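Residue strings, one per chain:
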Amino acid sequence: MNFSIGQTIKHAILILGALIVIAPFYTMVSYSFKSQREIETGADTGFFGSQEVIIDEFCVHRGQPEREEVKDTLELYPEKTERDVYNILLDEVKKNCTKKPVFFNYQSAFTFAPLLRYLLNGVIVTVSIFLIQVIVALPAAYALAKLRFWGRDFAFSLVLFCLLIPVHAIALPLYIMLAKVGLTNTYAALIIPWTISVFGIFLMRQFFMTVPDDLIDAGRMDGMSEFSIIWKVMLPTAIPALLAFAIFSVVAHWNDYFWPRVVITGERNLFTPPIGMREYRADSDGTFYGPIMAVSTVIVTPLIVAFMLAQKRFIEGITLSGMK
Amino acid sequence: MSGIFLKKINKSFGNTLVLNNVDLEIYEGEFLTLVGPSGCGKSTLLRILAGLESSDSGEVFIGGADMTKVKPADRNLAMVFQSYALYPHLTVSENMLTPLKLRHLSTLERFPLIGPFISREKRNELTERVRKTAKILKLESFLKRKPGQLSGGQRQRAALGRAMVRNPVGFLMDEPLSNLDAALRVHMRSELSELHKALGSTFVYVTHDQAEALTMSNRLAVMMDGNILQLGKPREIYENPSDIRVAEFIGSPKINIFSCNVIKSNQVEICGFKIQGNFQHFMDKKISIGIRPEHLSLTNDRNCIKGIIKHRENLGSDFFMHVESPNIEKRIILRVSPEEALNLQVDAKVNFNFSQKYALFFNSAGKRVEVFDPNNITNKKIA
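Chains as they are written, first to last, in our numbering: chain G, 1 to 324; chain Y, 325 to 707.
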């Protein structure tokens with residue numbers, strides 16, 4: 001290994017950039033391990049916190065001894081006062097509700113609100129969106145890249161033009177349309193507006209341009225229809241590009257807060273993870289940072305794992321190295 | 325009859341005319357080569373024959389039936405592409421199975437999961453056919469590999485296999501050897517010829533390499549600017565080109581062209597030497613003489629054409645001398661044997677000569693003209 005000054009500076013800048021990007025994630029994961037007190041005092045207790053046991057107030061509240069229970073116990077210990085028995089029972093409950101902050105945070109994440117349901121909704125929505133996007137984008141991209149027809153260049157310029165339209169600009173008309181057909185508060189409202197991805201069409205078209213024409217002609221000579229060429233020849237060769245597109249699409253819609261917030265107004269069962277996070281926000285008791293950070297960690301983990309698994313092919317797809 | 329007949333094919337891309345009223349008959353079982361420089365329309369003609377491109381006008385007959393409007397798959401022709409065009413995600417055997425499956429299995433039988441289940445017998449039969457073809461092409465040990473794991477020559481064979489496996493009425497080949505290295509290309513030339521003899525089916529071969537055209541074909545069609553200039557046996561085209569462009573394209577190194585003046589109705593002058601012949605139609609016009617490098621011979625006679633060697637090319641078996649001669653604008657190339665070449669270095673002065681019967685005459689439009697009495701062609705040297 002030899003380091004030139006230029007290389008060293010380059011890497012220093014990259015490392016600095018990486019630190020800036022990682023910092024919020026570090027804080028998120030670290031807070032998800034810590035108790036409320038540690039977070040609020042900002043005590044320096046390292047990444048994992050002190051893991052000093054805390055008493056789960058909600059658990060205690062739920063387990064408070066009932067009057068009947070106190071009376072029943074009192075009969076067994078006639079020498080004690082009612083007050084004493086109550087305190088003994090309460091101590092018992094408190095002992096059971098004592099746990100390390102990391103368990104408290106992650107347990108709360110799943111019990112405060114139906115987080116699993118939100119995650120499932122997220123999966124249903126993002127997977128449906130991606131599949132339909134592929135079903136629409138591949139034939140469109142194939143036509144734009146490989147077929148000769150009147151108005152093709154114009155159609156492609158329309159695709160480019162649509163890339164320029166910001167989502168928020170058309171959100172209101174979209175919402176009105178969905179409301180008129182009575183689709184608000186349904187999965188359809190979450191999925192339909194995103195099924196035609198001009199970005200997907202554009203990306204796949206650029207990739208298909210690099211596929212040799214001979215391959216398509218070979219398919220035609222072998223007796224394939226244009227649609228079987230798309231699914232049996234173009235799709236398998238386009239896997240790297242599709243993976244890149246999958247990451248863009250899934251990340252965008254998994255993390256989307258804006259659109260679900262617009263079309264899902266009351267139905268809690270349809271909340272996607274980012275909307276679901278609102279359930280954990282501050283109320284009069286103050287904000288429970290630990291559980292919120294635990295929820296955030298749970299929500300981002302699937303994406304990070306997926307990226308790690310597909311990383312190599314994803315980068316292949318981005319660079320569109322084509323095929324040889 | 326089951327030959328292929330292309331009738332009055334016209335094709336233009338935008339304003340460029342690519343094929344100009346081309347007629348071509350390909351006999352059953354022959355190896356016909358379409359040869360020409362790039363952009364001459366040879367590939368387009370092949371693609372029109374394959375059905376991958378539609379002609380602006382004209383008709384395509386295959387085996388006596390009008391196939392002009394028929395889909396490529398239904399013409400029962402197989403094509404081998406320059407880039408091989410193997411499906412990169414499938415193994416060699418799956419590649420070879422693809423055309424068979426599409427032809428011999430119904431949609432239901434091709435359906436994933438249930439398809440293989442209900443058509444097991446048919447599938448075994450098809451796999452057997454693939455195995456047989458692979459054996460002919462010595463591909464057996466590569467059947468389980470993907471194209472990316474094969475060398476150029478093996479890919480070439482796999483592509484041939486995919487074409488062969490379904491017994492087409494004809495093979496269309498679009499420069500199939502041009503991606504191979506030189507040694508392998510020469511080897512594949514003989515292999516392709518042998519394959520053609522063994523299969524006995526029609527081969528239509530497109531190339532820009534005149535050596536491939538001369539070595540492999542039964543007949544070749546020289547194309548230029550959207551026209552077939554000459555169609556004939558390789559030897560005929562080499563020895564008797566009907567057009568100056570054909571003469572220049574076929575043969576390597578290129579034929580020497582001398583332009584000369586007709587001075588009398590029975591005489592032309594070339595570098596001060598006179599050739600007798602019937603030139604009465606060419607009075608006061610330019611006429612060109614073409615002589616192949618191997619027909620120029622060195623001589624000790626000082627009265628012949630003179631020149632100075634400017635460059636010598638050693639091909640091992642032959643030497644080609646590039647000679648500059650006064651009064652002749654282009655360098656002349658002549659072939660000499662290695663023995664003769666020993667004492668000929670650059671800047672040496674040489675005299676050379678040719679025998680009249682090898683001189684090919686072309687008129688000002690580039691068309692071949694006969695100037696000698698066919699019954700009286702002599703071996704007479706010009707000087």
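Errors might be hidden in some of the hints.
[Claimed, not checked] In silico lysine-lysine, BS3-like type, Cα no more than 27 Å apart, as pairs: (1) K393(Y) to K146(G); (2) K395(Y) to K146(G); (3) K610(Y) to K462(Y); (4) K588(Y) to K232(G); (5) K691(Y) to K609(Y); (6) K588(Y) to K654(Y).
[Said to hold, decoys possible] Short, incomplete list of chain Y residues facing chain G, as computed with Cβ under 10 Å: (7) G375; (8) Q406; (9) V510.
The hints are simulated quantities; they were obtained by calculation from the structure and are not laboratory data.
In this text the structure is predicted, and so the values were computed from the model without any measurement.
Ideal placement from N, C-alpha and C gives every residue a C-beta, glycine not left out.
**Study point:** Contradicted hints - numbers only
**Key:** 3, 4 and 9
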